[in-house]
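**Q** So the sequences go chain by chain: R and Y.
Counting from 287, one number per residue, gives the positions in the first sequence under my numbering.
Counting from 287, one number per residue, gives the positions in the second sequence under my numbering.
None of these hints come from the bench; they were simulated from the model.
Computed from a predicted model, the values in this text were never measured in an experiment.
Any given hint could be a false lead.
No copy is singled out in the list; a pair is fine if it fits within one copy or between any two copies.
BS3-like, lysine-lysine: derived pairs with alpha carbons at most 25 Å apart [unchecked claim]:
#	residue 1	residue 2
1	Lys334	Lys466
2	Lys334	Lys295
3	Lys434	Lys370
4	Lys511	Lys616
5	Lys617	Lys511
6	Lys782	Lys605
7	Lys782	Lys511
8	Lys334	Lys370
9	Lys434	Lys476
Number of protein chains: 2
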Amino acid sequence: MPAYKAPLKDMQFVLHDVFNAGEQWANNPLFEDCTTDLADTLLDESAKICENLIAPLNRPGDEQGVRLENGQVYTPDGFKDAFKTYAESGWVGLGGNAEYDGQGMPKMLTCLAEEMLHSCGASFCLYSILTSGAALALDAHGSEALKKTYLPKMYSGEWTGAMALTEAHAGTDLGMIRTKAEDNGDGSYKVTGTKIFITGGDHDLTDNIIHLVLAKLPDAPPGPKGISLFLVPKHKVNADGSIGEFNNVSCGSLEEKMGIHASATCVMNYDGAEGFLVGELNRGLNAMFTMMNYERLSVGIQGLGASQLSYQGAVEYAKDRVQSRAPGSKKVGAADPIIDHGDVRRMLMTVKALVEGGRAFSVYCGMQLDKAKAGDENAEKLVALLTPVCKAFMTDKGFDACVIGQQVLGGHGYIREWGMEQQVRDTRIAQIYEGTNGIQAMDLLGRKVVASRGALLTAYLAEINAYLETISDNVHLMPFTEGLKFAANTTEQVTKAIFGRLQDDPHLVGTAANDYLHMIGYLSFTYMWTKMAEVSISQTDDAFHDGKIKTGLFYVQRLLPQMSALATAIVQGSEATMALDVAQF
Amino acid sequence: MPAYKAPLKDMQFVLHDVFNAGEQWANNPLFEDCTTDLADTLLDESAKICENLIAPLNRPGDEQGVRLENGQVYTPDGFKDAFKTYAESGWVGLGGNAEYDGQGMPKMLTCLAEEMLHSCGASFCLYSILTSGAALALDAHGSEALKKTYLPKMYSGEWTGAMALTEAHAGTDLGMIRTKAEDNGDGSYKVTGTKIFITGGDHDLTDNIIHLVLAKLPDAPPGPKGISLFLVPKHKVNADGSIGEFNNVSCGSLEEKMGIHASATCVMNYDGAEGFLVGELNRGLNAMFTMMNYERLSVGIQGLGASQLSYQGAVEYAKDRVQSRAPGSKKVGAADPIIDHGDVRRMLMTVKALVEGGRAFSVYCGMQLDKAKAGDENAEKLVALLTPVCKAFMTDKGFDACVIGQQVLGGHGYIREWGMEQQVRDTRIAQIYEGTNGIQAMDLLGRKVVASRGALLTAYLAEINAYLETISDNVHLMPFTEGLKFAANTTEQVTKAIFGRLQDDPHLVGTAANDYLHMIGYLSFTYMWTKMAEVSISQTDDAFHDGKIKTGLFYVQRLLPQMSALATAIVQGSEATMALDVAQF
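From just these sequences and the hints, can you work out the full model?
**A** What follows is the structure, encoded as structure tokens:
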């Protein structure tokens, strides 16, 4: 496993220079206490705990994995102590509601802390972000009593959270769930059913685990409109906040997976467990979706964090490993470092361009979430539009980046010893969970672009076009402005073409969704690279900023051309994709 | 693990209908005994042994893996018996030289048998194809005495083969190897050194293992021109052909890998082992390259075989799994099978188009190898040009196909139980070994296209353009002919642009190689799909041929557009890719 070193300079560049976080916070009533100094201090502290405490657990955790013994799940050696230290330092509640002892920090800062945590291993990170996510839903929809009892303990990391949605026959289609909740008549419900793929459903990190469970009342309407959300703790909580008796919430088995071996993926049984309604009856999906925008951004950041570590490992190896002579070699030593070879450069530059573009995009999306939280309607539109892009594009490109990073090491990338293959296995899940990337794509094109009749996309393109106006006379930025214009125009044309054919082609949205999402992804990364280039262009005598410009140029010249291919494919319509009878497969 | 069912009808379609194998063989003096009836019988038998004997070992083999105990490597339960049965039926020597008891079958047939074997698990397959590969090098370069002693036992699978090239510090750059060979003065050499990543270097399947080892004599010239090839058996062989004393060839350790867990990847120690020169002194690389064209095609077929199995698993799941309503749903049952959803169709069609295009391309390359073996100079050119494409494009697309197949299953694709994730882990190595795909790309663009001053590419394009002439008046084929013209023209233009800039841009080949190889891959698959469409177009009332046309249309409309993106990226030159100082990474 490559040693992780948090890319603090790159993070501060994005936060301060590109997005001017200090000014953002000064103008946002929710975050006016957050200063750039505080942000930098937090990033430093986050880097320390991630590099020194959490990163060293990544590979041993993968090797040892979780285990189920006598009905109790155990995490790998070192996880429990590390989680305690991590939680006690306040990191679980970093973005939590300050009224209930959260730290109340803005998302554009917490997403950088999350990136560091994800670089140090998705498995450890999941115990934390699932807790933040469950707390978020509880904070938005729970009763005052529930919030008072549970939120402080969740923000402090004394208890963790878990989200229990999926059942064996119901994944994407939650309307079909069978878990039932019966009214006990005393303000509580009896929850009975089996859920699968429950991340952190059981473990030994904390004394209690707070499950948010989707279930149906016996008389609920069929389908998604009959789903309610219940808080179901592993152990009941006494009136004084202490832990009471076992609540019949148990792990039936652990899934054997491709990766994230240190994350407990549980089959969970709720055997008449006591639960409490969160939000309104039959509005459970609504309550869950509150947290979705945050969780989906977090999963996107998983792709980013993993590829940052993969990048570091690949660069280190490429500088060190000597093989063959490169063109223009100075013929020092037996052979040249492979970083001098063109194809290795292509790989490293691809990963670098994706990682740095992704980091800027994640902070940009965090910024929109912060603005939306304060009531900015335009930001709300952007959050709605870009959340699926953030989740799916950043995990697809994050996975690709991990595969490319592994490739740089050749055979050494395939063996476990170097840790590069673990990034590939661990990151693969990010394309699947929290709504598969296909579901994200349909969410983007169907529910966001089409259902808003283009309004959400128009808001985004208007921002980009307005931005292009402000930089139009900067000749040094030309390759970027040209690239961004091309990307914006292509998006507009393709979207128009889709709207023109919607009526006649009912399968158009489904068959075009994936390519469309990738198109918006490339557009977004072009926007980010243009912004990064803009703030760097006057400082090319400084190696850091010079590197930004050159990496941005690589992105625009070598990766952005993908957009044409996507556009051409999309406008073909659905006919060829849907042409076969099922029997012809 | 999805149950494997050999796609015999698809294979026969390619062999007989698309490439007219019977006529090929009748006109090739090396294969005139091979009839279509014999071929079909062999395919049937191969399917049986693969489906019933080998496929069931795939997942247990992955779970159990190989182990090293007291210096001896053991394969997973069942491998030894299965290998014995497989070998006794003559499959190891299927393409072997008949003079030494091989079966002498043409490559265009054996590559289909190899595909089946790869679908049933790369690990098992490797023990067989490494043996065929070693036998091939021995047959081409060994002395009559060596061939008489070793080839019959290798073709019969009584002994297996291993290729020992890589050392810890020398992978791509074999000129740096340190393993030494000292002349014993009796026709034998004393071989001493350590090799890593040796597939099948030790195991318990057979009583002897025949290593082909690259080593240097003490007075050899430096670099690649000082490398010789030696045959080094694990156990010495007595004059009567029986097994003699241990030859100090031992496995120091096994690598822990991402996948192919049932394949023994060994660190091998040769401690003054007795070896025999194969070919001329200092011409070892040349002897190794004899087998490269065959082995690289086989590795390409690994990508194909794995994606065929992944396709079957994905289709089965997609027909079975019901979630949500699709557009135009007949509203039967609680939800529609996910195969009715546009994005799932996109995934299945992508895999199907890649698998079937890849199968045709592998048989096409096999056909060129068969022609070249009989002295056809044009075929030799095509083999040289297309071998790296076959290896790299088919493993890159094979890996992508396995990832997409896994994605169809959502969370069930990520857990081990369904076997889809194993395809991803196992196939990943195919992009790395037998020369990484980056090395293949540089071989294609540097050593094949540029070094031949375009002659090899011209031969290929001439064949394609001549073919286009023959179908130019078939209006029904228009989308295919248009696609193929576009692909051929794009290739020609991009190649011209590269030649125009070679002098001024020493890094152009290295930085463009990967995209260039993919471009030739898309061109080749378009050629294959056009040929498949041509023989299907008059039979659209038959579901099988109708399916071919429609899948081909999907390929041309939705996948081929990638070529424009690659072309645009390539013509940007190397500047942005090479712009950073090493310290800026």
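**Q** So, for every hint listed, does it hold in this structure?
**A** Now for the hints, and whether the structure bears them out:
1. Lys334 <-> Lys466: Neither way: Lys334 and Lys466 sit 45 Å apart in one copy and 48 Å across, limit 25 Å.
2. Lys334 <-> Lys295: within (14 Å within a copy, 60 Å between copies)
3. Lys434 <-> Lys370: Answer is within; shortest intra-copy Cα gap is 22 Å, inter-copy 69 Å.
4. Lys511 <-> Lys616: between (70 Å within a copy, 22 Å between copies)
5. Lys617 <-> Lys511: For Lys617 and Lys511, only the inter-copy Cα distance (18 Å) is at most 25 Å; the intra-copy one is 70 Å.
6. Lys782 <-> Lys605: neither (47 Å within a copy, 33 Å between copies)
7. Lys782 <-> Lys511: neither (33 Å within a copy, 61 Å between copies)
8. Lys334 <-> Lys370: within (16 Å within a copy, 56 Å between copies)
9. Lys434 <-> Lys476: within (22 Å within a copy, 78 Å between copies)
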